[in-house]
Structures are given as structure tokens and as C-alpha cells.
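Enquirer: Take a look at the letters that make up each chain.
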Amino acid sequence: MAKPGGRHKWREALAGYGFMTPVILILGGFLLLPIGYSVFLAFHKVNLLGDVSYRFVGVANFERMVDDPRLWIALRNTAKYALVVVPSQTLLALLLASILNLNLRFRQFFRTAFYLPTVTSSAVLVLIFMWIYNANGLLNHALAALGLPTYNWLGDPAVALTGIMLMNIWSTAPLFMVVYLAALQDIPDALYEAAELDGANAWQKFWRITVPMLRPVTFYVVVMGIIGTFQLFDQSYIFSAGSGGPNNATLTMVLLIYQYAFKVLDMGYASAIAFLLAVVIMIFTLVQRLIFREERY
Amino acid sequence: MKRKSSLSLLALLMALVLVVSACGKGNGGEASPSESASPTSSGSAEPVEVTLAGWGASPEEQELLQQVLDEFQAKNPDVKVKYEVIADQYMDVIQTRLIGGEAPDVFYLDAFEAPGLIERNVLEPLDGYVTPEFDIDDFEAPMLNAFKGKDGKIYGFPKDYSTLALFYNKKMFAEAGIANPPATWEELREISAKLTKRNGDRVEVYGLGQAPELARQMFMIQAYGGRVVDEQGFAAFATPEGEKGLALVVDQHLKDKTAAQPTDVGAGWGGEMFGQQKAAMVIEGNWAIPYLESTFKDLEFGTAEVPTVNGKKGTMAFTVAYVMNKDAKNKEAAWKLISYLTGKEGMKTWTSKGFALPTRKSVAAELGFDKDPLRGALVAGASYATPWQAGPTLPIVMNNFNNQFVAAYTGQASLTEALKTAQETANKEIEAAR
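If you read the protein sequences in the order shown, they are chains A and B. Numbering that gives the first Met the number 0 puts the first residue of the first sequence at 0, with every later residue one more than the last. Numbering that gives the first Met the number 0 puts the first residue of the second sequence at 0, with every later residue one more than the last.
Calculated from the structure, these hints are not laboratory results. Note that the structure is predicted; figures quoted are calculated from it, not measured. Even glycine gets a Cβ: it sits at the ideal position worked out from N, Cα and C. Be careful, since some hints might not be right.
Claimed, not checked - Derived list of chain A stretches under chain B, where covered just means 3 residues or more per stretch with a C-beta under 8 Å from a C-beta of chain B:
#1 47-54
#2 237-250
#3 254-264
Could you put together the complete structure from these sequences and hints?
Expert: Below you can see the structure in the form of C-alpha cells.
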């Protein structure tokens, strides 16, 4: 018997690849090629301005990372930031979604109102919050009205990062709230009715039915949260005017990479740090996959 | 069926309209230069274009610069200037554009960044273009030397400068019965104590507004014999001599509590703090005068030379030059622009409104700024000022100093420790970058 539809299959494959060509070109040119080039740069000492030169230095850039105090400060800041922001925004998102899932009046209005911070540009949000945190700003006015002591929130290194954290939790939680809301609507009512028949109260229903059913969604929210917080740049850049201060308090990994790449023009070292950041994020994600192992039905 | 075909027809029409408009624009854009070239009958081809870039400033300054450029273009019809403002992170943008080959032909360069950029070999040396009429000797030597490379060639001509002077609130001085601004640093601290007004625990008016950054405190480090960098370019300020001068600044804030930084009172910089009358005195530069005159018209203020520290006069000088890109296509035309902007005529127009001080001695004498009641103190400082420059490693040193000095200034670390940490971190970075 002749090959069943052999030529037909080949033509189909060709058509398939043909349709994929634009995507392959774009992804390859704008994603894979720069990543490959960046890994290449990480092993060189590069001078791009003036007399262009590439000098292969092996793992010298990586050895330099061990001694660099600013790198460890940035890593510590970013990890602290991620460890505080991700659980907070996950919990807040879950809480808001649960509230919105109840049949309240004006539900549509609340959904839109809660979602607004996510659609606002992060740069605008940072500027607004900087005005609120200003020594003469809204926060100090409110505190003074209540008779509490006021403070120079922006100038104190200990407080600066917390300010950014609050700002980010407030603006990112709604994004995940929408995801949770969609998932909540998927949980079958029959489970809740069965629980009620067995005499469960609201808290038990929430903790024993809602949360376990939302496990895959929580995994997604936490992973996206970690990836997003590790890449924090624009808020800390605007907050500290690019310096990472005061006293390196708002220095995050991507801001450090930006400083090495575009201020000092040390592309090789910046690429090495970027590589390190990618590895760190991947490790976190893998660890989470172990914790949130998907249930197989 | 009918509705489907009319919808698709509409879509086709819209697509056609878009395509035609795009093509039409392209043709229109290409047509205009050839049209504009025909009127010039002098035989030379279309005007040569020179790109100029600078950082943003107040609208009045932009207008003034445009006026200078218009005068230049009127005198040189064969050169057209395309001026661009780089709004933020000026050096990052310029460096990236230089790498990409897209940098402007002529651009601003601050003395602070100059050694680093000159070392990179991307600027055109200008000695070969200078004619006797340009009169190099007319420039103030310290400002001109700031833009000489290690090979002795001149890479840029300073367009203006500013020093720091003591700005004081005349009304507050009169109310406190102080006749004259302080002449020594000890007097400054005493007067600050008298001028600081408290309302219970909160301070409403500080005696002095401070700027805890290296750009403003460099002369304090040098006052008792300290230095910022050594001959190899490594940071060298963590010495007892350097600390003595800085201790004056930190102690006035932490111990006397008669001085504060602008963010402590919600202001963005010293000029704003002074204008809002949250500080009776600040040490600021020439740029504060037009700002205060336009934003805080009712404020009565005067200027004086910065009080002496350790018996010596001292202040900072900040200067900016026009430099030429090595890869500029029309170097002759770019030189015409630079020589006009830093020549006697161009500099006179640019500095006539007092936004900055002229670096040419003849222009300074002509405009009489040394006799100006407000600017006289700034001009007097030019002879003993420390230029804000110290070799290609200064940016790294400055970053680390500023980072750690804030910790000492807010009392979170001792000054000795902060300076030591800053110096070690800076030197590690400089070493690693070599």
C-alpha cells in the first residue's frame, strides 16, 4: 500500500511551519538572540563606548560578584521585598476576590474600583505615593490630625523600601484578584451545599473547600508574584531617582543591573548579574513546583 | 449576503485610505527638502544640519538659548541647528547614543563627567579649529582646564559656570537683630541657632539648609587638608582631616539641630526650602537667583560669600562645556556653532539674563556681574572655588559617598564608619572595573 497521505502530511507540516515563521523570527530575534548574546557577554569584559573591545575573561565576572557588597545588598533587598510582598498580595487578592464573590450590591462598581490601580501606569502610581509620603504630604497630615508623630518617610533608609512594598501590594493585588475571582466562580456550589448539610460554618467552608480548590491558581499567583517582584525596577528607580538610595535601601537587582549596564557601561558584568538573577528566579520557581505539586485526579 | 459584502467593502476602503495616507506622507516628506533648497542662489547646496543637545531647564532659559541659536543661524545661513532637549538621565542617554552612533554633533558636557568621556576617545579635540579671533586666553583658566585631556588637548569650551554662595533671608536677619551675614563657620552656627524657630517639638524654620552630597561638600573635606581622590583615582576622603570638615556639617544637624536637608521639610532642593522660608540660610548657586525671583517674588534675600572654614575661603564651582562628537559629519559647521556659542557675542547674549555666569573675562567685565548685588558674591568665589571634578573615577566615588553619608547624616552610623565604608566600597568598585 502506498504511504497513506504522505505527501499530504508534508504539505501540512510546511503550511504549519510557514504560519509559524513570523513568530519564530520575532521570538528568535527579540528573545532568544538577545538572551544568547547576553550569556555570551557574561563571559567577556566588554567596552562599548569609544574603542570597542571584547576580551574573554572566563568566569572572572562571576568571581567578581562574590566580593561585590552592593550585589548582596541588592539581592537581600529584593528577597526581603519578594518575601513580604508576595504573601501579602496573594492574601489580599484572595480576600478581595472572596468579598466580591458574595452577592453584594454595587458589585460591578467595586470590581472596577478595585481593578483601577492595576491599569494605572506604575510610574504615575509611584509619583502619587511620593507625594503622599512627602514630609508635607497626605500621610503626615493625617498622622498630625490624629496627634501621632510625623516623619520624613522618604529620607529614611529603613522606611523607604517598606513604602515601595505597600505601594506595590496595593497596585498588584487587584490583578490577581481578578484571577481568583474567575477561579472562585468555577468551584461547584454542590460542594458548599454538601458542607452546609454536614454543619460547616463559613470559616470552615473557606478553609476546607475554597482554599484547597484554588491550589493551582494560588500556585500561578505566587509564581507570577515572585517573578514580578524579583524584576522590580521602575518603582525603585523613580523613588530613588536612579541611585538606589538612601544608603542602598531601595537598590533592587534590576536597578543594579541598570546601573552597571548604562551608567558605568560595564556590559559584561551586568550580563553576568542578569544571568544570576535568571538562575535565582528559576530556582524559586522549581522549589514552588515541589511545594504546590498539582493533584492528579 | 448583502450586508456581508458591504461590510467587507467598507473594510477594504478603510485599508486603502490608510495605505494611501501613509504613502502620501512619505512622498510629502521627501518633496519638501528639495523645494527648500532651490531658493538659495548663492551656489552652495542645501544648508548643513548640525544637531545640538542639552538638558532641560526653565522655560525662560530655553527661550534664551533659542534666541542665541536664531542669532547664530541668521549670521550663518549655510548652517541649520536642530536643537534637542534630553529631559532626564542626560549622561545615560548621551553615552548610549554614542555607542549606537546616533549622538548629536554638539552637546553639553558637565565638568564632572568630562574626564571619563574624554578618556573614552569619543570627543573631537578642538585645538586645531581655534583661530586667534576666538581668543582662548579670555577664558578663566580653571574652567578651561577642566576640559583638557591628559594629552593637553582641549576637548570643549566652557559656556558658563556657577559657584556656591550663602543665601540669607533679610527679613529673618532683621527680626533677629543680625546685621551682617556670617563670615566664619563658627559665626554661621551661632547665627543658625538664633534663627531656628521651634513650635514645641517641631522645628518650623531651620537656621541653615544643607545638601548632604559630595558635590556640595567637597570643599568642606578639603578645608582641613583632606582630599577626595588620590593620584591613582582611588577614594581618599576617610582621613581625620577629611572628617573634620564634614563633622561640622553633620554635627550642626544632629547635635545643634539647627540645620536640615530639604526632604526633612518636604522640599525638593535648597532653593525651594529657602523660598518656602523653612530655612533662613542656604548655600546654593547662581541658578537659585532666577528661580527665587520668579517663584517667590516677595522674598527679600541677599547673598554673601560662603563663610570661611579653618580660616580659609572655599566654595564649589560647576561648569559646563560644549563638546563635539568625534563622529560628527560636518565638523566645520559644528565648530562654527561651538565658536559662536562660546564666543564673545554668543556668551554675552546667553549670560545677559543672569541664569549663569560667563567664563570669558571680557564678557564678565562688560556685563558687570561682579558689581551686581546678588551675583557679586558668586563671582568673587570664582577665584578660590574648587571645580567639581576629580578624574574619571569621581562618579563612582560620589555614588558611594552619597550613599553612606546619608547614614551618618541621619545618625544611623558614625561619621568615621560611614566614610570608611564608603571609601572601601568605592575603591573595590574602581579596582574591579579596571
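Enquirer: Against each hint, give a clear statement of whether it holds in the structure.
Expert: So, going through the hints one by one against the coordinates:
1. As drawn, the region 47-54 of chain A meets chain B at 4 residues by the rule of a beta-carbon pair under 8 Å; at three or more, the given contact holds.
2. Under the rule that three or more residues need a Cβ within less than 8 Å of chain B, the assignment of the region 237-250 of chain A holds, with 7 such residues.
3. For the region 254-264 of chain A, the stated coverage by chain B is satisfied: 4 residues place a CB nearer than 8 Å to a CB of that chain, which reaches the threshold of 3.
Hint check: no violations occur; every hint is consistent with the structure.
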